[in-house]
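> Listed below are the residues making up each chain.
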Amino acid sequence: KQEVTQIPAALSVPEGENLVLNCSFTDSAIYNLQWFRQDPGKGLTSLLLIQSSQREQTSGRLNASLDKSSGRSTLYIAASQPGDSATYLCASSGGTSYGKLTFGQGTILTVHP
Amino acid sequence: NAGVTQTPKFQVLKTGQSMTLQCAQDMNHNSMYWYRQDPGMGLRLIYYSASEGTTDKGEVPNGYNVSRLNKREFSLRLESAAPSQTSVYFCASSESWTGRTFGSGTRLTVV
Chain Z
33 KQEVTQIPAA LSVPEGENLV LNCSFTDSAI YNLQWFRQDP GKGLTSLLLI
83 QSSQREQTSG RLNASLDKSS GRSTLYIAAS QPGDSATYLC ASSGGTSYGK
133 LTFGQGTILT VHP
Chain U
6 NAGVTQTPKF QVLKTGQSMT LQCAQDMNHN SMYWYRQDPG MGLRLIYYSA
56 SEGTTDKGEV PNGYNVSRLN KREFSLRLES AAPSQTSVYF CASSESWTGR
106 TFGSGTRLTV V
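Chains Z and U supply the protein sequences, listed in that same order. For the first sequence, the numbering used here begins at 33 and goes up steadily by one. For the second sequence, the numbering used here begins at 6 and goes up steadily by one.
Next up, chain Z with everything else stripped away, as it sits in the complex (with noise of 0.2 Å):
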């Protein structure tokens, strides 16, 4: 059985820092693994995804990184701005596109001016 795993639980910045998140999953049988943003009472925006053949996507000020073999993802934030506050949610598809997409607890991610 998948299990995905993101630390820290919390995230407290100043604006302009440069942070990591990370993501770790014990089954390396992905299809992708997606990060996600969801803002209190709202949905989930997809940020970038990584197909298992793929070691990194970039979109903007974000990155992220893909190693199967050691089972981890990180998603890099540069340049941290008070609108990245959120909670972020990494998710790896199983065995098909379709594959149950199974999700990490997320982290509180604040960054205060």
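No lab work stands behind these hints, which were simulated from the structure alone. We put the beta carbon where it would ideally sit given N, CA and C, even for glycine. Just so you know, not all the hints are guaranteed correct.
Pair by pair, the computed Cβ-Cβ distance ranges are [unchecked claim]:
| no. | chain 1 | residue 1 | chain 2 | residue 2 | range |
| --- | --- | --- | --- | --- | --- |
| 1 | U | 100 | Z | 108 | 25 to 31 Å |
| 2 | Z | 72 | U | 72 | 30 to 36 Å |
| 3 | Z | 108 | U | 87 | 39 to 45 Å |
Facing chain Z, according to a computed beta carbon distance under 7 Å, are these residues of chain U, among others [stated by the list, open to error]:
| no. | residue |
| --- | --- |
| 4 | 27 |
| 5 | 47 |
| 6 | 48 |
| 7 | 104 |
| 8 | 107 |
| 9 | 108 |
| 10 | 110 |
Think about it this way: if two alpha-carbon atoms lie no more than 35 Å apart in a straight line, the pair counts; the simulated DSBU-like pairs of lysine-lysine are [claimed, not checked]:
| no. | chain 1 | residue 1 | chain 2 | residue 2 |
| --- | --- | --- | --- | --- |
| 11 | Z | 100 | U | 19 |
| 12 | Z | 33 | Z | 100 |
| 13 | U | 62 | Z | 74 |
| 14 | U | 62 | U | 76 |
Based on these hints, arrange chain U on the given structure of chain Z.
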């Protein structure tokens, strides 16, 4: 805007009442899903439809039924609502190269 649309956004039901949550996507995705999100439990899969004409149970299917009406629409039905079904429900869709796209959610309270 393209995406996943869920209706209603909010609903209050009495125990024993029934209702259907509607979901539609306009991205021509083959696969669709229903999740529930509860504090401390994260997101859990209720049912999914890998392609039009197929549906399968997820982690927590008891008390729910689904219908994949066509490629665009995937509905979730609560036949006899219970307080334990108070939750936020999310619909999602995907293709192999896209990952999951989620709707904005339905907040359901059963009293």
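> Each hint needs a verdict: does it hold in this structure or not?
The hints, checked one at a time:
no.: 1; hint: U:100 - Z:108: 25 to 31 Å; result: 27 Å, holds
no.: 2; hint: Z:72 - U:72: 30 to 36 Å; result: 31 Å, holds
no.: 3; hint: Z:108 - U:87: 39 to 45 Å; result: 43 Å, holds
no.: 4; hint: 27; result: 15 Å, violated
no.: 5; hint: 47; result: 5 Å, holds
no.: 6; hint: 48; result: 5 Å, holds
no.: 7; hint: 104; result: 4 Å, holds
no.: 8; hint: 107; result: 4 Å, holds
no.: 9; hint: 108; result: 6 Å, holds
no.: 10; hint: 110; result: 5 Å, holds
no.: 11; hint: Z:100 - U:19; result: 47 Å, violated
no.: 12; hint: Z:33 - Z:100; result: 16 Å, holds
no.: 13; hint: U:62 - Z:74; result: 25 Å, holds
no.: 14; hint: U:62 - U:76; result: 18 Å, holds
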